[in-house]
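Given next are the chains, with one letter for each unit.
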Amino acid sequence: MDNLELLSEYSLFLREKKEEGKKVVAFISHDNIPEELLDAAGFVPLRLMFAGNDELMDASHDYLSPSTCAFAQSCIGLFSIKPSHYRFLDIIDYFIISNHCVSDICASEIISKYFNIPRLNFYISYTKNDNSGKYFKLELLDFKDQLEKISGIKIKNEDLKESIRNYNNFKKKIFEFSNLNIIGSEKLRVLQRAMLYGPPFLPELESHIQMFKENQVQKTDNLKGILITGGSIFLNDFLIDLIEEAGGNVIFFDTWVGYSYYSQIFEDNIIDSIENPLDLLVNRFKNNIYDDHSVPNFLENKISQIELVYQEYFKKTGRKLGIINHIIKFCDHISLMSSHLKNRLQQKGISVLNLERDYSKANRGQLSTRIEAFLEMM
Amino acid sequence: MKICGVDIGSLETKVVLLDDNNIIDYRVGRSTYDFKRVGNNLFNDLLEHHNLKKSDVYIMSTGYGRNTIDIADDRITEITAHARGAQFFFPDVNSVIDIGGQDSKAIVISKKTGNVIDFQMNDKCAAGTGRFIEVMSGALEVPIQDIGDLALKSNNPASISSTCTVFAESEVISLFAKGTKKEDIAAGIHKSIARRVAGMAKRIGVAPLLVFCGGVAKNIAVKEFLEQELGFEIVIPVDNGKSIAQLTGAIGAALIAQDQNNG
Chain A
1 MDNLELLSEY SLFLREKKEE GKKVVAFISH DNIPEELLDA AGFVPLRLMF AGNDELMDAS
61 HDYLSPSTCA FAQSCIGLFS IKPSHYRFLD IIDYFIISNH CVSDICASEI ISKYFNIPRL
121 NFYISYTKND NSGKYFKLEL LDFKDQLEKI SGIKIKNEDL KESIRNYNNF KKKIFEFSNL
181 NIIGSEKLRV LQRAMLYGPP FLPELESHIQ MFKENQVQKT DNLKGILITG GSIFLNDFLI
241 DLIEEAGGNV IFFDTWVGYS YYSQIFEDNI IDSIENPLDL LVNRFKNNIY DDHSVPNFLE
301 NKISQIELVY QEYFKKTGRK LGIINHIIKF CDHISLMSSH LKNRLQQKGI SVLNLERDYS
361 KANRGQLSTR IEAFLEMM
Chain B
1 MKICGVDIGS LETKVVLLDD NNIIDYRVGR STYDFKRVGN NLFNDLLEHH NLKKSDVYIM
61 STGYGRNTID IADDRITEIT AHARGAQFFF PDVNSVIDIG GQDSKAIVIS KKTGNVIDFQ
121 MNDKCAAGTG RFIEVMSGAL EVPIQDIGDL ALKSNNPASI SSTCTVFAES EVISLFAKGT
181 KKEDIAAGIH KSIARRVAGM AKRIGVAPLL VFCGGVAKNI AVKEFLEQEL GFEIVIPVDN
241 GKSIAQLTGA IGAALIAQDQ NNG
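Quick mapping for you: the protein sequence lines, in order, are chains A and B.
Heads up, the first sequence is in this note's numbering, so the first residue is 1 and it goes up one at a time.
Heads up, the second sequence is in this note's numbering, so the first residue is 1 and it goes up one at a time.
Among the hints, a few may not be true.
Straight line, CA to CA, 27 Å or less: simulated BS3-like cross-link-like pairs of lysine-lysine [said to hold, decoys possible]:
1) B:K111 - A:K224
2) B:K36 - A:K361
3) B:K112 - A:K320
4) A:K173 - A:K213
5) A:K320 - B:K242
6) A:K172 - A:K137
7) B:K53 - A:K342
8) B:K242 - A:K224
9) A:K342 - B:K182
10) B:K111 - A:K348
11) A:K348 - B:K202
12) B:K111 - A:K342
13) A:K22 - A:K156
14) A:K348 - B:K36
15) B:K112 - A:K315
Don't read these hints as lab results, they were simulated from the structure.
Since the model is a prediction, treat every value here as computed from it, not as a measurement.
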């Protein structure tokens, strides 16, 4: 199934949910939005996880400066020109305004205000400590309150726990899937679908796991292993194709669409042992140490994580893993850290390519050269 | 078997025939819009001149258009090719700066292994590339081959933005309007390129011995201003007293093919 088919299938899925009386809540994809609360209140979460292109970025310039994060630009472009495959954006009922980064808050404010989508607010702290945990809990309470008011449903602890359990089982399954030895583009395709649909995708995910386990025919041994960090490879991005055309294979997605999402899991007994399920979400927020927008120690945690994957890969294959730090143009968080990350990993003998780009097709040739040269260098 | 390196750049195509580390002959032509035709024509011209058949030659392509030429037996990026070519001329090379028609690159090479250990390329922008000089020589109405010499006559280089070709062109026009001398504008243009490329190169820690190659290395003013920006002397590949900096990528590609064929 190609991406256009997926979008059309997803559109049908959302429309069916609407016919069942559900409301759709959209947000710019990042890993701190409590989907479980949305689910427990009967809403359908819609992650904006679609890559941009020249047309979408251009369309956003009526609202945002061209020097804003290319992903944020593209999100606005989607609402501004609504290409035919994204018509499902017309049926969004609410939009979450969040502050994961400056571009996130700019884009979500603009989308809500200028495209007339009622807003929900959910703000997060940039630190990970006890105070930010208390702040996060207050935000969760406020968010729960907002959801209860618009849905008319009282979110019971048991319902929220059930949602947390569902999402937890779902993420565990994605974790299992991500460890399969299959080609990166195939892995990414399933990861993207899983994150778009959420737990309703579980049966399909299980059948993918079964199928890949039974038919492990994909030979990846002759390809050079890549870990991708920094910006996610969103739906409709050609980056994964460029990597594979150059002879690389992404074996680990250290990004929102990837490890940052499915690694946030609880032990089952913890879900049952904690009385207030909001505390589970607070703990998860505090323990999300790979969250690339938080301080302190983000860089240290990131380096340890990458080093661990690098060493495991080397132990398993006897080969070195290359790191591509995918920097979406004008994403301050990733670009600010990029030279530090590169220097620190290089000191450990790990090759890093800082690959900065927007979604323009015009630099496809240059991107190919950089990726190919990096693989030659490895 | 003879080896041929074909470097299809965005502005010029270079074809080099190599036999056991000796440069037998080469051809250079404008790439135009039809990379494949130009590459084939230059290659066929070399074959004809040396009474060779296609099957006598192993071809390694490189450069922006490396994937467009179907006669190539293998392909390599211009980054790896330039590094290998620079090593051929200067075995102790530490770094390479290649400024071509469409992009500029800085490369750091391991002295221990001879392999590329880091590189940096310019963004999708003509500033800091040969295209920038071409546009500016048009604006100044000075032939491109003369603009470097003109720049070196300046005692008071004008200040010109290094960030954007379009803005820089407007700046040049406004400098004209103010009566700024042509040589000062030319010097400003060259300093602007040098500043931009040196900034990129310093980020990956280039150091002597640094080899300057690519078509823009023919321009003496860029070399001089680059040396000022970097704070050390840089060298250019020469053959029989003639700069062959533009051929470094094609030579490197041929050498890589030769290395591979020799096992």
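Taking the hints in turn, this is what the structure says about them:
no.	hint	result
1	B:K111 - A:K224	holds (24 Å)
2	B:K36 - A:K361	holds (22 Å)
3	B:K112 - A:K320	holds (19 Å)
4	A:K173 - A:K213	holds (14 Å)
5	A:K320 - B:K242	violated (42 Å)
6	A:K172 - A:K137	holds (25 Å)
7	B:K53 - A:K342	violated (47 Å)
8	B:K242 - A:K224	violated (40 Å)
9	A:K342 - B:K182	violated (43 Å)
10	B:K111 - A:K348	holds (18 Å)
11	A:K348 - B:K202	holds (21 Å)
12	B:K111 - A:K342	holds (21 Å)
13	A:K22 - A:K156	holds (18 Å)
14	A:K348 - B:K36	violated (43 Å)
15	B:K112 - A:K315	holds (25 Å)
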